[in-house]
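A.B. asks: Each chain, written out:
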Amino acid sequence: MTINKLPEASTGANCVGSITAHCPEKSKLDKNSSLVLLVGGSYERHGKTHPYGHVAIRVITSKKDITYDYGRYGKVWGVGGSEGEGMLRVWIDFSKYMRGENATGRLTIGHSFNITEEDANNVISYFEYKIKNKTPNLDRGFMKQYQIVNYHALKSNCTTVSIDGANIAIPSLMKGSNKYNEGKGLSTMDKLAAKYEGWPQRIFMPADFNSFLNGLIGEHAPVKTITYKK
Amino acid sequence: MKFQKLYAIALAILFISLIIGCSNMLNKKVHVLQHPLRVASENQNQYYMLPKGAALYYDDSLPEGADRFYVYINIEGSPLELKNLERSDLIIPLTAYPFEDKDIVNLVKDYPVNKKDLSKILNSEFLSKDDAQEIINYLQQYIEVHD
Numbered sequence: 010m011t012i013n014k015l016p017e018a019s020t021g022a023n024c025v026g027s028i029t030a031h032c033p034e035k036s037k038l039d040k041n042s043s044l045v046l047l048v049g050g051s052y053e054r055h056g057k058t059h060p061y062g063h064v065a066i067r068v069i070t071s072k073k074d075i076t077y078d079y080g081r082y083g084k085v086w087g088v089g090g091s092e093g094e095g096m097l098r099v100w101i102d103f104s105k106y107m108r109g110e111n112a113t114g115r116l117t118i119g120h121s122f123n124i125t126e127e128d129a130n131n132v133i134s135y136f137e138y139k140i141k142n143k144t145p146n147l148d149r150g151f152m153k154q155y156q157i158v159n160y161h162a163l164k165s166n167c168t169t170v171s172i173d174g175a176n177i178a179i180p181s182l183m184k185g186s187n188k189y190n191e192g193k194g195l196s197t198m199d200k201l202a203a204k205y206e207g208w209p210q211r212i213f214m215p216a217d218f219n220s221f222l223n224g225l226i227g228e229h230a231p232v233k234t235i236t237y238k239k
Numbered sequence: 009m010k011f012q013k014l015y016a017i018a019l020a021i022l023f024i025s026l027i028i029g030c031s032n033m034l035n036k037k038v039h040v041l042q043h044p045l046r047v048a049s050e051n052q053n054q055y056y057m058l059p060k061g062a063a064l065y066y067d068d069s070l071p072e073g074a075d076r077f078y079v080y081i082n083i084e085g086s087p088l089e090l091k092n093l094e095r096s097d098l099i100i101p102l103t104a105y106p107f108e109d110k111d112i113v114n115l116v117k118d119y120p121v122n123k124k125d126l127s128k129i130l131n132s133e134f135l136s137k138d139d140a141q142e143i144i145n146y147l148q149q150y151i152e153v154h155d
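Protein sequences, first through last, are from chains V and Y.
Using this note's numbering, read the first sequence as starting at 10 and increasing by one per residue.
Using this note's numbering, read the second sequence as starting at 9 and increasing by one per residue.
Derived from the structure by calculation, the hints contain no laboratory data.
Bear in mind that the values here come from a model prediction, so they are computed numbers and not experimental data.
One or more of the hints may lead you astray.
Restricting the straight-line Cα-Cα distance to at most 27 Å, the calculated cross-link-like pairs of lysine-lysine (BS3-like) are [unchecked claim]:
#1 Y:Lys36 to V:Lys84
#2 V:Lys164 to V:Lys193
#3 V:Lys105 to Y:Lys91
#4 V:Lys73 to V:Lys57
#5 Y:Lys123 to Y:Lys60
#6 V:Lys72 to V:Lys57
#7 V:Lys40 to V:Lys84
#8 V:Lys193 to V:Lys57
#9 Y:Lys37 to V:Lys238
#10 Y:Lys124 to V:Lys84
#11 V:Lys84 to Y:Lys137
#12 V:Lys193 to V:Lys238
#13 V:Lys72 to V:Lys40
#14 V:Lys84 to V:Lys188
#15 V:Lys105 to V:Lys143
#16 V:Lys239 to V:Lys193
#17 V:Lys164 to V:Lys40
#18 V:Lys164 to V:Lys204
#19 V:Lys84 to Y:Lys91
#20 V:Lys153 to V:Lys105
#21 V:Lys239 to Y:Lys37
#22 V:Lys57 to Y:Lys37
#23 V:Lys200 to V:Lys139
#24 V:Lys141 to V:Lys72
#25 Y:Lys60 to Y:Lys124
#26 Y:Lys137 to Y:Lys124
#27 Y:Lys60 to V:Lys105
#28 V:Lys164 to V:Lys188
#29 Y:Lys137 to V:Lys153
#30 V:Lys239 to Y:Lys128
#31 V:Lys57 to Y:Lys36
#32 V:Lys193 to V:Lys233
#33 V:Lys238 to Y:Lys124
#34 V:Lys238 to V:Lys57
#35 V:Lys238 to V:Lys73
#36 V:Lys153 to V:Lys139
#37 V:Lys153 to V:Lys164
#38 Y:Lys137 to V:Lys239
#39 Y:Lys128 to V:Lys105
#40 V:Lys141 to V:Lys164
Next up, chain V with everything else stripped away, as it sits in the complex (with noise of 0.2 Å):
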């Protein structure tokens, strides 16, 4: 993957006289691009119910389309599995990425904001970063996946590592998010092993980061969230 240009901008008011040449104002203030924070909540399997939910996010710019997707698709190891190789998976096609999702029979939010493509584009920079010099471990076309940072369940997560993306684009995303951060999703048992280990300062469940997400107001809220089931 390359590191992407900034978009060309188009002409507009601030760029009157300028018909061919590049307007980085205009860039600046068109929020023509969009960030989707997309979490899939519990699921069912077999009998069992997985409370834990997953994260990813997705950047829309006029010529990009690509889900970001940090898990266990590696090693693990440690208590139930709470460590591993962290992966991150790089879809270009949404539709692929969802269908793995809509197989769980999980109901998956998608919390999008408007951002400029310069933003945006900071986003897809941002983790080009992360896998820059690397070889995918596993290449199926619309989907590439790399090793990154190690995976752990209270550190550094599918919520942590989408929140770390976002945050470039929306620097002030997380603020106020402190008192979602409670664990949604964990076993009292869980709960228990996370304060033994030492709580996280943020969020770090997806089910706190949709209650978060749903509790914003304003000009801070999604301008629009998308349910996707099977």
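Guided by the hints, dock chain Y onto chain V, whose structure is given.
C.D. replies: Just chain Y now, with coordinates in the frame of chain V:
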């Protein structure tokens, strides 16, 4: 007296473990593959397959959405060299997934797949009729170019 108490607790734990163990064995769930499944190990993006008929024993499901299975394989011939796991709780999974359009062409090129296998893949529950038709069109184009 203290020893008797400890002995009773140990027996109780053993009894409970046995019940849980038996219950897990009785509840063992299996899926027998109805069509071949593409399988890859890390950094080996080639076209290996789990054959139709392979029994996959259900282990667990992950928050990321994948289901994890055990596969039992009787390996005949020379004994394989063994090494200790880096840590006892380490799991090194393979990744398996259904075939998609271009995969099938690569599969036909690189793997000794027969007509029956191909038919099973095209008729698998993972592919919609439209997907299967798209693959057939793709294969036809490939054959026309390389014929």
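A.B. asks: Below or equal to 27 Å on CA atoms is what counts here, so check Lys239 of chain V against Lys128 of chain Y.
C.D. replies: Distance of about 24 Å is within 27 Å: holds.
A.B. asks: Hey, Lys137 of chain Y versus Lys124 of chain Y, does the alpha-carbon distance stay inside 27 Å?
C.D. replies: 18 Å, holds
A.B. asks: Between Lys141 of chain V and Lys72 of chain V, is the straight-line Cα distance small enough, at 27 Å or below?
C.D. replies: Answer holds: Lys141 of chain V to Lys72 of chain V is near 21 Å, not above 27 Å.
A.B. asks: For a C-alpha distance cap of 27 Å, please report whether Lys124 of chain Y and Lys84 of chain V respect it.
C.D. replies: Given that 27 Å is the threshold and the Cα spacing comes to 34 Å, the pair is violated.
A.B. asks: Are Lys153 of chain V and Lys164 of chain V close enough, with their CA atoms no more than 27 Å apart?
C.D. replies: 24 Å, holds
A.B. asks: Given the proposed pairing of Lys60 of chain Y with Lys105 of chain V, does the C-alpha separation stay at or below 27 Å?
C.D. replies: 24 Å, holds
A.B. asks: Holds or violated: are the alpha carbons of Lys193 of chain V and Lys233 of chain V at most 27 Å from each other?
C.D. replies: 23 Å, holds
A.B. asks: Within a Cα-Cα threshold of 27 Å, do Lys123 of chain Y and Lys60 of chain Y meet the stated pairing?
C.D. replies: Distance of about 13 Å is within 27 Å: holds.
A.B. asks: Given the hint that Lys141 of chain V pairs with Lys164 of chain V, does the C-alpha gap stay at or below 27 Å?
C.D. replies: Holds: Lys141 of chain V and Lys164 of chain V sit about 22 Å apart, inside 27 Å.
A.B. asks: Take the C-alpha atoms of Lys137 of chain Y and Lys239 of chain V, compute the straight-line distance between them, and say whether it is at most 27 Å.
C.D. replies: 17 Å, holds
A.B. asks: Can you confirm whether the C-alpha distance between Lys72 of chain V and Lys40 of chain V stays at or below 27 Å?
C.D. replies: Status holds; Cα separation ~14 Å.
A.B. asks: Does Lys57 of chain V lie within 27 Å of Lys193 of chain V when you go C-alpha to C-alpha?
C.D. replies: Judged against 27 Å, a Cα distance of about 17 Å means the pair holds.
Checked against the numbered hints above, the structure violates hints 3, 4, 6, 7, 10, 11, 14, 17, 23, 33; every other hint is satisfied.
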